[in-house]
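With positions in the sequence shown counted from 1, the corresponding number in the working numbering is that position plus 576.
Honestly, the hints are just simulated from the structure, not real lab data.
Quantities reported herein were computed from a predicted structural model and do not represent experimental measurements.
Among the clues, some could well be false.
[Unchecked claim] List of simulated lysine-lysine pairs, DSS-like, C-alpha gap at most 25 Å:
1) K640 to K587
2) K640 to K718
3) K718 to K840
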Amino acid sequence: MDENPHGNSQKAIIAALAANLGIAVAKFVGFALTGSSAMLAEGVHSVADTSNQALLLRGQAAAKRSADQQHPFGYGRSRYFYAFIVALVILLLGAVFAIVEGVEKVRAPHALENPWIGVAILGFAVLLEGYSFLTAFGESRKSMGGQSLWQFIRHTRNPELPVVLLEDFGALIGLVLALSGVGLTLVTGNPVWDGIATLCIGVLLAVIALVLIVEMGSLLIGEGATPDQQRQILRALCEGPEIERVIHCRTLYLGPEELLVAAKVAVSGTADLATVARAVDAAEARLRGLVPEIDLIYIEPDVDRRPCSG
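Build out the structure end to end from the sequences listed, making use of the hints.
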């Protein structure tokens with residue numbers, strides 16, 4: 577995808593992929609040197625995140641396939657499918673593993689080896705993860721408008737940016753938890769803190785995964801235009817003098833940048849066919865000018881003499 581005012585999700589994905597790959601290697605080296613379960617959980621978390629970026633890139637590649645007879649509206653929703661799979665991977669591979677490992681470490685704690693090496697590696701991971709998060713946040717800001725970060729995650733139709741944002745945010749908090757576990761173990765001499773930190777990482781990943789499952793599941797089922805887009809669509813349809821009112825309008829995102837609009841509009845009963853055709857063409861032009869995401873438009877004219885209420 578090229579750079580665009582709505583945010584380059586591919587740039588954010590590649591930045592996250594590179595960061596997570598380096599972080600995963602560093603964390604596993606740290607686990608081998610320290611024996612920290614929190615470090616192991618974070619290493620598995622980074623492996624999951626790395627595979628997730630590959631899945632998101634795969635989804636973008638699949639979405640570029642041309643429409644065919646079996647999929648006449650194209651493959652744009654492949655991006656939603658792969659983002660949903662990513663949410664499941666975070667839950668099953670990241671959260672469940674960390675919780676199981678944390679329970680085991682709390683039940684049978686053992687002393688850490690070379691803990692300061694672990695602290696250094698976690699500090700290095702914070703820097704890489706911070707770079708990835710700032711890249712994703714910078715790309716997301718281009719399409720946030722006046723929304724908060726949470727509102728953007730809840731309402732955007734782009735599946736990759738929320739996934740990368742929450743992954744990176746969760747990774748940063750997880751690193752802080754891992755550092756806390758190692759630090760408390762050093763201060764108190766009690767390795768149970770490492771297990772508690774691992775449990776906290778698992779719970780954090782589970783919460784993030786459930787949020788993503790809900791959001792990506794909604795996109796996969798099919799979401800329509802945002803309230804602001806809906807208002808623009810109704811206004812554009814009614815602006816022409818030939819259209820008296822919008823009888824009904826349905827919208828559906830076929831992909832993050834592919835919005836389908838289907839509307840039934842009322843025209844004058846005295847209008848001839850050529851006038852109605854021009855009215856429909858003009859309405860389509862207004863729609864595309866106001867809402868760039870619109871890809872397909874179907875407008876059905878009908879007769880209704882009530883005044884425009886759109």
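Okay, which hints does this one fail, numbers in order? 3
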